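> Got chain A; can you put chains B, C, D and E on it based on the hints?
One line per chain: the protein sequences are A, B, C, D and E, in this order.
So for the first sequence, the numbering used here puts the first residue at 235; every next one is plus one.
So for the second sequence, the numbering used here puts the first residue at 235; every next one is plus one.
So for the third sequence, the numbering used here puts the first residue at 235; every next one is plus one.
So for the fourth sequence, the numbering used here puts the first residue at 235; every next one is plus one.
So for the fifth sequence, the numbering used here puts the first residue at 235; every next one is plus one.
If you are wondering where the hints come from, they were derived from the structure by calculation, not from laboratory data.
Bear in mind that the values here come from a model prediction, so they are computed numbers and not experimental data.
Don't take every hint at face value.
Identical chains share a label here; the pair holds if one copy fits it or two copies do between them.
The calculated lysine to aspartate or glutamate pairs, modelled on DMTMM-like cross-linking and capped at a C-alpha distance of 20 Å, are [as the list claims (entries may be wrong)]:
hint: 1; residue 1: Lys359; residue 2: Asp384
hint: 2; residue 1: Lys457; residue 2: Asp360
hint: 3; residue 1: Lys341; residue 2: Glu481
hint: 4; residue 1: Lys318; residue 2: Glu269
hint: 5; residue 1: Lys457; residue 2: Asp431
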Amino acid sequence: MAKRRKLLLRRPKHTKTVNQVPGTMTYVGHKESSETKLEVIDYNADQYERYTSNSPDDAFNYVDEKSVTWFNIDGLNNISEIEKLGDYYELHPLVMEDIVNTGQRPKIEEYQDYLFIVAKMLYHKDGEIENEHISMIVGKNYVITFQESDGDVFDPIRERLETSKGRIRGKGADYLMFALLDAIIDNYFLVIDDMSDRIELLEESLFTNRPSDDIVYEIQDLKRNILRIRRAVFPLREVISRLEKLENEIIDPHTGNYIRDLYDHIIQISENIEIYREMIWGLMDMYMTTISNKMNEVMKVLTIMASIFIPLTFIAGIYGMNFEYIPELQWKYSYFVLWGVMIIIFLLMLYYFKRKKWL
Amino acid sequence: MAKRRKLLLRRPKHTKTVNQVPGTMTYVGHKESSETKLEVIDYNADQYERYTSNSPDDAFNYVDEKSVTWFNIDGLNNISEIEKLGDYYELHPLVMEDIVNTGQRPKIEEYQDYLFIVAKMLYHKDGEIENEHISMIVGKNYVITFQESDGDVFDPIRERLETSKGRIRGKGADYLMFALLDAIIDNYFLVIDDMSDRIELLEESLFTNRPSDDIVYEIQDLKRNILRIRRAVFPLREVISRLEKLENEIIDPHTGNYIRDLYDHIIQISENIEIYREMIWGLMDMYMTTISNKMNEVMKVLTIMASIFIPLTFIAGIYGMNFEYIPELQWKYSYFVLWGVMIIIFLLMLYYFKRKKWL
Amino acid sequence: MAKRRKLLLRRPKHTKTVNQVPGTMTYVGHKESSETKLEVIDYNADQYERYTSNSPDDAFNYVDEKSVTWFNIDGLNNISEIEKLGDYYELHPLVMEDIVNTGQRPKIEEYQDYLFIVAKMLYHKDGEIENEHISMIVGKNYVITFQESDGDVFDPIRERLETSKGRIRGKGADYLMFALLDAIIDNYFLVIDDMSDRIELLEESLFTNRPSDDIVYEIQDLKRNILRIRRAVFPLREVISRLEKLENEIIDPHTGNYIRDLYDHIIQISENIEIYREMIWGLMDMYMTTISNKMNEVMKVLTIMASIFIPLTFIAGIYGMNFEYIPELQWKYSYFVLWGVMIIIFLLMLYYFKRKKWL
Amino acid sequence: MAKRRKLLLRRPKHTKTVNQVPGTMTYVGHKESSETKLEVIDYNADQYERYTSNSPDDAFNYVDEKSVTWFNIDGLNNISEIEKLGDYYELHPLVMEDIVNTGQRPKIEEYQDYLFIVAKMLYHKDGEIENEHISMIVGKNYVITFQESDGDVFDPIRERLETSKGRIRGKGADYLMFALLDAIIDNYFLVIDDMSDRIELLEESLFTNRPSDDIVYEIQDLKRNILRIRRAVFPLREVISRLEKLENEIIDPHTGNYIRDLYDHIIQISENIEIYREMIWGLMDMYMTTISNKMNEVMKVLTIMASIFIPLTFIAGIYGMNFEYIPELQWKYSYFVLWGVMIIIFLLMLYYFKRKKWL
Amino acid sequence: MAKRRKLLLRRPKHTKTVNQVPGTMTYVGHKESSETKLEVIDYNADQYERYTSNSPDDAFNYVDEKSVTWFNIDGLNNISEIEKLGDYYELHPLVMEDIVNTGQRPKIEEYQDYLFIVAKMLYHKDGEIENEHISMIVGKNYVITFQESDGDVFDPIRERLETSKGRIRGKGADYLMFALLDAIIDNYFLVIDDMSDRIELLEESLFTNRPSDDIVYEIQDLKRNILRIRRAVFPLREVISRLEKLENEIIDPHTGNYIRDLYDHIIQISENIEIYREMIWGLMDMYMTTISNKMNEVMKVLTIMASIFIPLTFIAGIYGMNFEYIPELQWKYSYFVLWGVMIIIFLLMLYYFKRKKWL
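Same shape as in the complex, but just chain A (with noise of 0.2 Å):
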């Protein structure tokens, strides 16, 4: 069961740095990666070459137009790193402000000679699903891409370039988009499902477990969890329709059916989320009348003793009394006949109970 900890909200504090220049770029994510790692893939139908630093200088060596070149930076805190690359490819102060600030939502903007998309990686980390800011230039024959943390979504994707599986190395940055979104949505899935195992697993223990405030807080953080994951999907959503109905030279044609395809994928998790959501909202219900119908029972327990013993507990007080003149006390056989009569109450008193079906 979830720990009393996970409720708290954990909102990212100062989501956006408040009354900042615009276009100034300062990171207000949670993950201080002591350095800024930059990756660059280049590579063709024909070539492959990886190589990895610290700084960009180098890195546009590889730049040219027979070749698609992948930058990947992991690590957002080292503005002036990426402040070099992007002056390279002069991205407009907003997006750099963008690229850096972990609150932007999801979208996708067209410039002169690029475009520029933002999405969220979703990942379940010790229980808890962790939020982590991707953007991405996608230009002519270059895709760069912005991480919060080197995360291994991407893995998949570096290996099919190096062994060159699927048709990935003879197509261009348009197709590496592709399937980078591809391995983001494709993520999604991995945290639904963990998402259903929770609802299962919590309304397993509606039943069995006794009532107790820790299902409420489970259902409470169900509840944040679903709507955070909602956060990151619905406008990428958007982002992909938009990306559907683009008619901007960076995306061949060809690329589209693959665009509808990631489509019908990010609509495919929409609706599951929306299911999950009803269930879970459903669980506050469930779990409302599973502790009525325990109540119910405890009420019946108590009913059913005070009933058959506070009459018999008078009746023995009424011949406890001190009167003097108690006809009843002298009669040898009365002991034995106020038995007989208790017995005869106690078997009434069940006979009731059972008809009402309380028993």
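Same frame as chain A, now just chains B, C, D and E:
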């Protein structure tokens, strides 16, 4: 009443194969039919031929301009055989992927030479709603259908083709497509009717049975089922709607009226789903209220018993005290007077509860 | 109060004949009128003729350019007779199917020579809302109406035609269509008013009656009824809206104002339905709250009785003990002092509960 | 607090006269003013004349091109007089019907020579929201208003006309229409403010008063009232919105800004309505929760009293037994030791409940 | 915890001055600043001048083509001074009315020579969300802002203007407008964060504190606050969206990117508001459930105590009876046997409750 096992979410584990190369065919369904069965029905107004095989190779002989050929493939786990068909008709790799990806939601896609339609077949099996993935390739003079296992919803169509009942033999592949979709949608009516029966039964049991968590289980299960049906029906509604508006040489304009009819039916089903949904969501409230009613009853019994006998017991206790000087104890008629007083108190109490409508 | 029987969902079993050949006429309604009755009213500004028959054969004589002919068919289970009419006017097979398919929702379809309109007539019968399927074929100079049984909502129109009241005799078939739809919609007002009466009654009984499951039944029944009314009214609203926008030579432009009026009425009904719906959905909460209020009352009585007498009984118990050395027992005024103490405790308790506003 | 009488739905019985000939004028409102009062105000920038009459006949003299004439009719049950006006201005029969049909919802209709606007005037009367039907005919140089009874919302406009305050005298009939609608909508602010007062009062009484069904009554009454206000305001919003977009020679382009201002106001009212609606719907939950809180308090008192004294009474009962051999009975300090034991049990219990935060 | 006073709706009494002549300026806000303060900042890339005055008269000297002039008016109750400004710039009377009408919702209006924007400034003050009316006139080379009182959200902009930080000095009046709106929207983030803190705190206290009506108060207060924030933010979203699409010579095309950024921010705030709203609405359910959990605990204690001791007390009562012939009384070991029997009953009860998981 539904068994507890039902509660499990039974989400298809790995609803999508995460991180595979896009366009890769991977079967993710439940049904592991040992072999893929291919059935070919070739017909026109004058002739009818039916042929069953385990391999599509020799089936291609049937394809020509003068007749409609319907390929029906049962079982999706024999991927190589399906690929042969795909190669013959030059299907797009993403289409091939969606044919075997049972997690794919209903959709329609227009390609150069064919329409690609994905739908879901619903049927009841052991009180469970089973969901079967169906895809359809509709070309100028052929239809290919892919099913997870050999279902029988298409049997009436086979019969109509064989006995030349109705207009079907005289019409083209588009009418066959309509007939197949009609068969699928007709089947939804049965599932919906079954849903309504379960709601009815549950409503009955809410009032007659003693409160139990099983009912909560059952309501939750109904919720889940209606959400699942919705997920199959609502996207199909969009498919039919797009089919109606489609301007494509594969669809004969005269088939338009029939598709409009199809649309009518699926709207009718959607409306029923929404009504049942509202009824099911209301069930939890109803149940909660009946529990409260029952608890109220229990509390009244307890309160009446306790309110009557506790004061009487107190009076008996008074005269059970061992003080040396209690004047009443010596008086001869005390005991009888006391009985009188007690009976009066008892009657007053009864009257009070009667007036409060608790009895 | 509604009887329990009401609870049954009464969904029309086999709302659609599953797996039949599309375009096949199959009557699926409840009402098995022994014979199909045909009534023909032929009129223009100068003349009026009315004719009743069991067969449409000789009715066709009335059809000519100079007068409007209204065919009214009561009873839909005599399919062969209906087919004759369909053949005469060359109706589409799917239209024929929808005329007898009582599950068909309200709709309008534009054909070459005629409009096809499906609507639902609602009326109250033994506290139940009955739903009757009505279809209408509107041609240049004729209207054909099909009803499940002989209803009387059209009687005022027959009278206006006979007595030449209002403008109706001087206008064409389109105005007759308007008048018929107006009669159907006017009838909804009565059903809606009846709904409001039932809600009012139920609200009263929530407060005055003791809580009982019958009220839950009744609320659930109201819910079901309002959902059913909605299902008849809302699609008809779309029908009227489309009728208003229709550009078709059958509809005279001057009739437009009347159809706009019709639309106003159906919007008004829809708004009422939504308001009643919100009221009904609120009833369950109200009921739940009154139950809780009542339970609260019950608990207070129990708590007050128990809290007062349990301590007093304890005190009496103390002095009922048989210890040899209890100093108080010998003292002469113990008994009276004890009574005093008990009365003081009793009064303090009363004061406490008074201050807590429990009394 | 609202009296019980309030609960009655007070729907206007026969909100529409069912089965009448369309275009027939039938007054269905509540207010039976004995006579229809006609007031004529004729003005332009230079002159102002006011005239009151019981018949429109001699009022027509005022109508000319050089001045704006405002006819105001109070009382709708004198149909023949209204018909005269209708004949003079050649109003459509359906317009005439809607003028006296108080069930008609707000709407705007464009006719050849005039605009027809229906609105609702809301005002508070004895804590009830009364709903008055207002219709307006706006022509090139005249405005006709029809009210159910003589209301005073238009008095400020009369005064502005008389004293030539603001721009009104210098403007045309369209500006008068704006001023009248502005007066109606301004009045909604008062009704809305009153609503807010009632919600505030009710919230207060939820916490301070003891739970009672009266509060449930009041909440239900508030719900009904807010729904009624909504029904008057929301369609008027559409009316104003259409008025803004209208291209019609009756409306001077310069009046556009004023109508936009009107639209602003009605949007503001709509937003308030929605907020109050959410607050009212929340009240029932709030109330339910306060009841539960109170019940919890009651149960705690009972549990504490019972848990403390029932065991003590049991102990006293033990030593009240009449066994011949109970060793403790003879021992001299038994009684005092027992008291000690009982006091210790009592204190332990108190400590237990304290730690559970029940005290 | 929020004090009770908070509960008062605090709606601005007379949110609009009813029945005034349209276009009349009447200040209806709370804040009665004794005087209207005018501040003029005149700047271009090269120069910067700041001037404060109580009257706009001499301020007009600053207005020329070569520099941007920002007039900031604090305090809206000195209407005559505001009118002077309005006359100078020939503002529409309805604009003048909206500037001082603090009830006016956020909107944008395009006039011949200027844009008129209304927005709301939100800030926290003593745990309350205060709402300040701000209007903005944006012309070709000037911006006029009207505030209710001297707020400090614009201070950072003043500083940036003075120190020439960022791009602001080199840009036109449209960029100043963007900067001012950005400052307002940035401030919403703070208010939203504060909201989230309050929700967090409340959730904590739901579980740890004993149930009390104060929590219900607080939840209701949160609801009200979120609704109020929504009312400020949602119309502003539309304003920004319209501003983005605006084609107007006042807005430089290069400012478009910045406005898009603004739109991003306000969407982000809206999403947060919706999430917090769902969380707050869920709180009442959570609270209800925790109360029920607590009640369940209380009932269990009562039931266990009563179920154990009531039967034991009955047994003790039996042997307290004064019958002459009760055989057990004479038997020497009766007392000890009885104790044994009682202990066994006690242990059986404990075992029963243990198995029911009540202990």
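> Next, verify each hint and record whether it holds.
For each hint, the structure was consulted:
no.: 1; hint: Lys359 with Asp384; result: within (14 Å within a copy, 42 Å between copies)
no.: 2; hint: Lys457 with Asp360; result: within (17 Å within a copy, 30 Å between copies)
no.: 3; hint: Lys341 with Glu481; result: within (17 Å within a copy, 23 Å between copies)
no.: 4; hint: Lys318 with Glu269; result: within (15 Å within a copy, 52 Å between copies)
no.: 5; hint: Lys457 with Asp431; result: both (14 Å within a copy, 17 Å between copies)
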